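The primary structure of each chain is shown beneath.
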Amino acid sequence: MTSQQLNLGELKPVLEQYATGGRSQLLPALWAAQNIYGYLSEPVAVAIGKALKVPLADIYGVIEFYTMFYKEPVGDTVVRICVSPVCTQRGGREILDSVCEHFDIMPGETTSDGRYMVEAVECLGLCDFSPSALVGEVPVALDGASDPKSWILSPNPAPLGHLEGDPYWLLGSCGQVDPTEVAAYEGCGGFMGLKRALQNSPEFVIEEITKSGLLGRGGAAFPTGVKWKFTSQAAGEPKYMVCNADESEPGTFKDRVLMEGYPLSIIEGMVIAAYAVGSHQGYLFIRGEYMRAQNIMQKSLENARAAGYLGKNILDSGFDFDIEMRSGAGAYVCGEETALFESIEGKRGFPRLKPPYPTDQGLFGKPTDINNVETLCAATWIMANGADAFRSMGTEGSAGTKVYCLSGDIAKPGVYELPLGITLGEILQKAGGVQGELRGVLIGGAAGTFAGPDDLDLEMSFEGLAENKYFLGSGVVNVINTERDMRQILYSLAHFFAHESCGKCFPCQLGTQRQLEIMDKAVQGQLTNADLVALEDVGFAMAETSICGVGQMASTAILSAWEKCPDVFGLEESFDG
Amino acid sequence: MSEKYIQLTIDGTPISVPAGTTILDAAKEADVEIPVLCYFAHTTANGLCRLCVVEVEGARMLQAACVVAAQDGAVVHTRSPKVERARRTLLEMLASTVDISESPELQALVAEYECFPERFEGGKKRQPVVIDDNPVYLRDYSQCVMCWRCVQVCADDAQFTYALNFSGRGFDTQIATFFDKPLTETTCVFCGNCIGVCPTGALKAKREYLIEQGVAPEQVLELTRLKGRKNRT
Numbered sequence: 001m002t003s004q005q006l007n008l009g010e011l012k013p014v015l016e017q018y019a020t021g022g023r024s025q026l027l028p029a030l031w032a033a034q035n036i037y038g039y040l041s042e043p044v045a046v047a048i049g050k051a052l053k054v055p056l057a058d059i060y061g062v063i064e065f066y067t068m069f070y071k072e073p074v075g076d077t078v079v080r081i082c083v084s085p086v087c088t089q090r091g092g093r094e095i096l097d098s099v100c101e102h103f104d105i106m107p108g109e110t111t112s113d114g115r116y117m118v119e120a121v122e123c124l125g126l127c128d129f130s131p132s133a134l135v136g137e138v139p140v141a142l143d144g145a146s147d148p149k150s151w152i153l154s155p156n157p158a159p160l161g162h163l164e165g166d167p168y169w170l171l172g173s174c175g176q177v178d179p180t181e182v183a184a185y186e187g188c189g190g191f192m193g194l195k196r197a198l199q200n201s202p203e204f205v206i207e208e209i210t211k212s213g214l215l216g217r218g219g220a221a222f223p224t225g226v227k228w229k230f231t232s233q234a235a236g237e238p239k240y241m242v243c244n245a246d247e248s249e250p251g252t253f254k255d256r257v258l259m260e261g262y263p264l265s266i267i268e269g270m271v272i273a274a275y276a277v278g279s280h281q282g283y284l285f286i287r288g289e290y291m292r293a294q295n296i297m298q299k300s301l302e303n304a305r306a307a308g309y310l311g312k313n314i315l316d317s318g319f320d321f322d323i324e325m326r327s328g329a330g331a332y333v334c335g336e337e338t339a340l341f342e343s344i345e346g347k348r349g350f351p352r353l354k355p356p357y358p359t360d361q362g363l364f365g366k367p368t369d370i371n372n373v374e375t376l377c378a379a380t381w382i383m384a385n386g387a388d389a390f391r392s393m394g395t396e397g398s399a400g401t402k403v404y405c406l407s408g409d410i411a412k413p414g415v416y417e418l419p420l421g422i423t424l425g426e427i428l429q430k431a432g433g434v435q436g437e438l439r440g441v442l443i444g445g446a447a448g449t450f451a452g453p454d455d456l457d458l459e460m461s462f463e464g465l466a467e468n469k470y471f472l473g474s475g476v477v478n479v480i481n482t483e484r485d486m487r488q489i490l491y492s493l494a495h496f497f498a499h500e501s502c503g504k505c506f507p508c509q510l511g512t513q514r515q516l517e518i519m520d521k522a523v524q525g526q527l528t529n530a531d532l533v534a535l536e537d538v539g540f541a542m543a544e545t546s547i548c549g550v551g552q553m554a555s556t557a558i559l560s561a562w563e564k565c566p567d568v569f570g571l572e573e574s575f576d577g
Numbered sequence: 578m579s580e581k582y583i584q585l586t587i588d589g590t591p592i593s594v595p596a597g598t599t600i601l602d603a604a605k606e607a608d609v610e611i612p613v614l615c616y617f618a619h620t621t622a623n624g625l626c627r628l629c630v631v632e633v634e635g636a637r638m639l640q641a642a643c644v645v646a647a648q649d650g651a652v653v654h655t656r657s658p659k660v661e662r663a664r665r666t667l668l669e670m671l672a673s674t675v676d677i678s679e680s681p682e683l684q685a686l687v688a689e690y691e692c693f694p695e696r697f698e699g700g701k702k703r704q705p706v707v708i709d710d711n712p713v714y715l716r717d718y719s720q721c722v723m724c725w726r727c728v729q730v731c732a733d734d735a736q737f738t739y740a741l742n743f744s745g746r747g748f749d750t751q752i753a754t755f756f757d758k759p760l761t762e763t764t765c766v767f768c769g770n771c772i773g774v775c776p777t778g779a780l781k782a783k784r785e786y787l788i789e790q791g792v793a794p795e796q797v798l799e800l801t802r803l804k805g806r807k808n809r810t
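Protein sequences appear in the order of chains S and R. In case it helps, the numbering used here puts the first sequence at residues 1 to 577. In case it helps, the numbering used here puts the second sequence at residues 578 to 810.
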């Protein structure tokens, strides 16, 4: 279809809906337009630019930044096949090849009948079903999948997934009742935490969360109570409460399971946080690939609003708060809090320099509390059950439970809520044990580190891991047996970072590419000692000089593999230069 | 109100500067030179190139001197082994990506830090074709280091014309117009600010370029006359 044939009339309601919001509505407007036309053409971008008063070059910059926005027509259905480390480990790349062969196209191309476009994508957060794909909006498990014709023509939605709690605190009634129904949630003790919060002062809530020792569960492990206190005390109005549901760390899928299985607990946590910090406007930012989670969260927001848990005068407390849901559009870096703010503000997801920190100048330059999905579920639980109860599990430095994401060569991949402080070996046992002979465990995700078969007594707590130069991150436990091709896994890690680097600071923009090239040589078996020296220098430069965590952590997993399994690189022992 | 001063040490030299001064400016006071590439006094500092990183004792990472404020009592090292390793690697990655043949300052840094960009030989380079789409200037992004200065002066740092932004992401990021249109079809007013702030040979006035190519002066004038622009979007 040429641009002249587009009927811009269909766009009118979209423009009317979003124009008053200006630039901050750019991503929603682009999504709505793409949903109409299938892609974002020049005249559509011009119309959006005029309506929202955004410079055209900036709109182009945004379209180009996010991988889920297309500036050319694509197939009616986009088939996104995951090639991130976990799915690569389990045959994702071979599936991509077979699909492309079946349709006789290359990745990124559309079939001649215009029905399907096939894309290789980074982690879809379906690692418990790996290898996996997203057919249109349908998440599909491809383990043992037959020929592409069947699962692409009639995709069978993957279930919520295997989940186990010991105890069931944060997972609560996850997956057991209709997740969007307020009455069902109340029947399982839902909204008790919020009621207790609203009966007390915001200071009491902050004190309770501080006493609980809750540390942020998104990866950075910052004390939640301190963050709330800083936000509540910061000068400037309005204040914002943001839920970071941009979960994109390869190997991580707990937030997807929580959103699909226990969405009202997240909403309750957001209201509690907003009450504590003094915010009346919240944003729930969910990654674009989590379409099913978005639908469930949207319905849950409507139901919570209808039941009086959102909006004006919540539960007759005099407290007003509402939540706007935002969809990402394909950018791992937007999980970085300041990049996420930029995205909500309608810009490319470039991380900001810190300081200033979000608690002082976050979204729209205002004091902002931003918390991960699991952190908010924990806050809900703590407000319902008390800080002391939370502290009854875990260790001195890591209170409570952690929701782990078990994937790879393990008997029962899935989400496991377990007390912090148990050992890596115990976690693997909970999930039914390793399948095959253990080669290594990637802890913390792509930005994490490899543990070896001798590390099963590692204490899985924030402090216990940090002592041993590990990083709990978002709770990824990706198990790899000796049958797997480690070089291919490391290559896919390098590929992930090169693909997801935003391009702002030089070390990450250039270093992730150089790292990928060196790992490509490793796959080809052509590494030299000089390449390994270069790999360490590149990793050093990224870790020491990158602006945000993406670049700072882009080499940790690969360099830890180099330390733990130097034979993978074609050399007998670790290089110690 | 009197300004609050802080004391710090840079490469062993004690120095006193007003609170809020960047490490880069404090170093100038101490007569210590720190290399910069993206930093430019008249545009917003974004801390992109990280060549100005320094080691601050007790800090978790190296610090970008152009954007980080000096702290009272800080002990700063601008040429420690860590700093040199980081700068050398950054310069090597840059020189193996971008054509620096017309950038004497960058070449001097590559020599000063004893860089060996050839270690990345065979790696991907940025080699887009030269864009010659207007009578005023050429855009040779194979020489672009992505300092952002042109985008900044085109937008809120000077001209408010917003003709330039980015295409791509990561390594493949490039300065771009709306849907890669010729500059004559954009909001560009040919103020020339972007050419003025470009630290490399990426943006070049067309007259200068044609004279270098040996084109006769009267022809140069003919070739660089700005005609009425149409089809602006």
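No lab work stands behind these hints: they were computed from the structure. Do not rely on the hints blindly, as some may be mistaken.
What the hints assert, rightly or not - So these bits of chain S aren't anywhere near chain R, every CB distance computed over 10 angstroms:
hint: 1; residue: Leu-8
hint: 2; residue: Gly-22
hint: 3; residue: Thr-111
hint: 4; residue: Glu-207
hint: 5; residue: Gly-464
hint: 6; residue: Ala-498
hint: 7; residue: Ala-530
Claimed, not checked - Computed cross-link-like contacts, DMTMM-like style, restricted to lysine to aspartate or glutamate with a CA-CA straight-line distance of at most 25 angstroms:
hint: 8; chain 1: S; residue 1: Lys-354; chain 2: R; residue 2: Asp-649
hint: 9; chain 1: S; residue 1: Lys-71; chain 2: S; residue 2: Glu-42
hint: 10; chain 1: S; residue 1: Lys-430; chain 2: S; residue 2: Asp-454
hint: 11; chain 1: R; residue 1: Lys-783; chain 2: R; residue 2: Glu-682
hint: 12; chain 1: R; residue 1: Lys-605; chain 2: R; residue 2: Glu-634
hint: 13; chain 1: R; residue 1: Lys-659; chain 2: S; residue 2: Glu-517
hint: 14; chain 1: R; residue 1: Lys-659; chain 2: S; residue 2: Glu-426
hint: 15; chain 1: S; residue 1: Lys-564; chain 2: S; residue 2: Glu-345
hint: 16; chain 1: R; residue 1: Lys-659; chain 2: R; residue 2: Asp-733
hint: 17; chain 1: S; residue 1: Lys-71; chain 2: R; residue 2: Asp-649
hint: 18; chain 1: S; residue 1: Lys-354; chain 2: R; residue 2: Asp-733
hint: 19; chain 1: S; residue 1: Lys-469; chain 2: R; residue 2: Glu-634
hint: 20; chain 1: S; residue 1: Lys-71; chain 2: R; residue 2: Glu-606
hint: 21; chain 1: S; residue 1: Lys-312; chain 2: S; residue 2: Asp-322
hint: 22; chain 1: R; residue 1: Lys-581; chain 2: R; residue 2: Glu-606
hint: 23; chain 1: S; residue 1: Lys-366; chain 2: R; residue 2: Asp-710
These figures come from a predicted structure and were not determined experimentally. By construction, the Cβ of each residue, glycine as well, lies at the ideal position given by its N, Cα and C atoms.
Would you pick out the hints that fail for this structure and give their numbers low to high? Hints 6, 7, 14, 15, 16, 17, 20 and 23 are the ones this structure does not satisfy, whereas the remaining hints hold.
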